[in-house]
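Visitor: Here's the letter readout for the chains.
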Amino acid sequence: MNNTTRRQLLRGLAGSALMLVVRPLRAQLVAVPEPVAARYGQRPIAFERVVMNLPPLAENGNSVPIEVSVDSPMTLTEYIRRIDVFAPANPVPHLIGFDLSPAAGHARVESRIRLADSQQIWVVCEDQDGQLLGALADVVVTLAACLDSFL
Amino acid sequence: MRCWWCSALLLGLAACRPVVLPEPPEPVSGARFQTEDTQALQSDPFANPGLLWVDRGEALFSARPNGSQPACLTCHADRLRGAAARLPRHDPDSGGIINLEMAINACRQERQGQPELAWESEALLSLTAYVATQSAGLPFSVDLSGPARAHWQAGQRYFYTRVGHLNLSCANCHEQFVGRLLRGDTLSQGQSVGYPAYRFEWQSLGSLHRRLQFCNAGVRADTLPGGHPTYLDLELYLAWRAGLLPLEAPAVRR
Amino acid sequence: MTTTRRTRIAAPARATAGEIVAIRTLISHPMESGFRRDATGQLIARDILVRFECRFDAELIFAADLAPGTAANPYLSFHYRAERSGTLEFMWRDQAGAETREQHALLVV
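Chains as they are written, first to last, in my numbering: chain D, 1 to 151; chain A, 152 to 405; chain U, 406 to 514.
Because the hints were derived from the structure by calculation, they are not lab data. Think of the CB as a built atom: it goes at the ideal place given N, C-alpha and C, for glycine as much as any other residue. Take the hints with a grain of salt, since some may be wrong.
[Unchecked claim] Facing chain D, according to a computed beta carbon distance under 7 Å, are these residues of chain U, among others: (1) Ala420; (2) Thr421; (3) Gly423; (4) Phe440; (5) Tyr480; (6) Ser482.
Chain D on its own, in the form it takes in the complex:
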């Protein structure tokens, strides 16, 4: 005898659907893309203290503003020494890397990057002891209305 009501069944289905959505996302957080692994191996990355400012929607992939700031002191004994930006779907995924020194005062940099496609951008920061911090951001690159005859 089956006592499952239609409502229960729908709840159950919704729950499984949620699991399907959530689990790949969690897995994605753990899986380090190859270009990041090529530079930093499988060293653990703590996804904290790093803020990446990137527009969620880029109107042209040729020039997308990016700002990275790390909540860290910049002293001789404690500072961020390196910041790398990766776009795994780009033909050359390592977009730019910054060498910082304690003299920087703030661990905050800005530049403009090229994105070949909509994707998840990875920022990895390394402190004075080689500990890694990171941040992820999804960006959608829209297609232009018209294309140049020369591209």
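Starting from the known structure of chain D, arrange chains A and U on it as the hints suggest.
Guide: Here is chains A and U on its own, set in the frame of chain D:
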């Protein structure tokens, strides 16, 4: 029966009505159709990449070609404040319309004994950008009297003429569908006040005529060379159409 | 090997001791990625800047490795804690080793 006559009369009247082109919309700068980030970049007095060309243009404006010829600055101590806003204009010498690029080249040949600079060359873009910057904030005030009138009309006619395999006129996109999405882009009014402009698509500064070529290519029409009389007529019409919009070169666009 | 490119540098001329100042740089360069094709379908050869360095009286304070994924006319913004007067030196190097150099005097009061 009477009703039939009335309808026929009305239809007849409608058919006889002269073709009236729609009034251009209240002008809105192309900047308003960019993302906030892009608008901020244009307003940034340091980071607007078009300023790399303006800097070079300023150096060229003050330099004496060959050391002996007068510099632009020798004659134009006011740095041509307002000049870009009065262009394009009818030129009695050539009998046609000339724009800023052509006025600069004419001056180079006549006053400085220098060869013409090629369209879209770094030097011509730089000089154009610098002189255009000297009119920043001013609206266009082009002269449409006398022989210029016919060119203005030709430009207006072109604006409303369908061209290319896609069979679209300027007005189809930039008047009928302003603010609507075409793929990822929001269609603007096609205002010319920001040119020469830095476009991310080009990764460079470019002239208004390059932008018109880009539009022509977009609707699969033949592109015309920079300085073509058709583009000059259209440039004159666009300058009028901009109304009181302030000039804002070098603009930053997608 | 030295080449001239248009550059823009924004940094204060004066600062108080211990003040953290913002430094911004811009340089004209196409950063040709090596992935684009010309009108005839030929690949356009890669031509990029690969390194930026900022020194204060010869001491390296900030650097960047640039790549095809860095936007054309590269823009950089970073910070520096001013402790004493001196000269900020900026250097951009392209893939062929050609360098562009600029200087900026900083007076600490």
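Visitor: Would you pick out the hints that fail for this structure and give their numbers low to high?
Guide: 1, 2, 3
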